[in-house]
Amino acid sequence: MSMSNLPAAVAYFTLVDASGSTSKIEFHVPFATAILDVGGALDVLRPLVAALTDAAIIGQGVTFPYKENAAVAPVAGSRVEEKGVFIWRTANGRTTRFSLPAIKDTLLKTSGAIDRANAAVAAIITSVIAVNALWCGADGSDITSIDKAYQRFNSTTKNQLPKDV
Amino acid sequence: MQQKTPQLIFYWRDATGSESTVRLSLPVGSSVATIASAAASLRPLLESLSDAAIVKQDIAYTWRDLSPPDPSTRLVGESGAFIFDTGVLNQVTIIVLPAASADLFVTSGPLAGIDIDLAQSDVAAFIAAINSGLWVNPFGYDLVECVAAYLTVKL
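Residue numbers (the numbering used here), protein chains in the order written: chain A, 1 to 165; chain B, 166 to 320.
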């Protein structure tokens, strides 16, 4: 298993029209371009794009995409709707979370709580809260401890419904 | 523009082919290389907890405008499509501009209101910036010439 990057990163402006509908204008930059350089190039381009459109630019971004070259097969019966929800405390007292798709049933207690004593669970918790770990909340506050961890079932979306019904 | 915390996004696929994501935030100022390294360390730990498989990942940086101007009435579906050539055979790209202003279009001839006037000053400035900047097509080839631009509508 190894991730390889695509040849180009995708830079974009997000625009909104008077009806509230949003859209994007997308560009590509060489993948190796430093994020500072991409930001600078977007700063140059933004007024030029603004002069061409009646929509308003409300944001911008750049995404660096990778592809797994040899993805393993998912386990038979796995469903992404079955989530393992991990809620974390951050240094500023707030919480942040991620939901892991298709949580293994062997990691669960009978109550549906995730077993924090399980070695694999303990390893992810240790890794995320480690002093030198980068992970943080959306406001940039460092993740410092695990608050809750449990199984939850999300609704199946339209795209997740079977196609051979 | 205010920069938000960058995100690492893992894309997962289950046995039915359905996909879902896990998103993690990192401090502002984190480089792509730093995030990619952290991702490589975290990935096997996450995979040991899930029956789904990771099929791709993105590292995403976003900014938001804290005081954007008011948009006018043209809709985002009324777009201008700019075709850029790279000079390499079969390597072109299309840049689609939402809510293309009515000022951009030719005003006479059979393509009035359809063709974008490449000589219009704002259009020419945009094209010059694309041709001279670091912009490439999805395969990494430099964009060197705008060969056509026209109205495309998606409602």
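Treat the hints loosely; a few may be bogus.
As the list claims (entries may be wrong) - Here are the simulated lysine-lysine pairs, PhoX-like style, with alpha carbons at most 20 Å apart:
1. A/Lys163 <-> B/Lys319
2. A/Lys148 <-> A/Lys109
3. A/Lys67 <-> A/Lys104
4. A/Lys24 <-> B/Lys169
5. B/Lys169 <-> A/Lys67
To be verified - Derived, one-sided and incomplete: chain A residues facing chain B with beta-carbon distance under 7 Å:
6. Met3
7. Ile25
8. His28
9. Pro47
10. Phe64
11. Ala76
12. Thr110
13. Ala113
14. Ala122
15. Ser127
16. Ala130
17. Val131
18. Gly140
To be clear, the hints were calculated from the coordinates, so they are not data collected in a lab. What you are looking at is a predicted structure, and each value in this text was computed from that prediction instead of being measured. Yeah, the Cβ is synthetic: ideal placement off N, Cα and C, and Gly gets one too.
Exercise for the section: List, from low to high, the hint numbers that the structure doesn't satisfy. Expected result: Failing hints, ascending: 1, 3, 5, 9, 12, 13, 14, 16 and 17.
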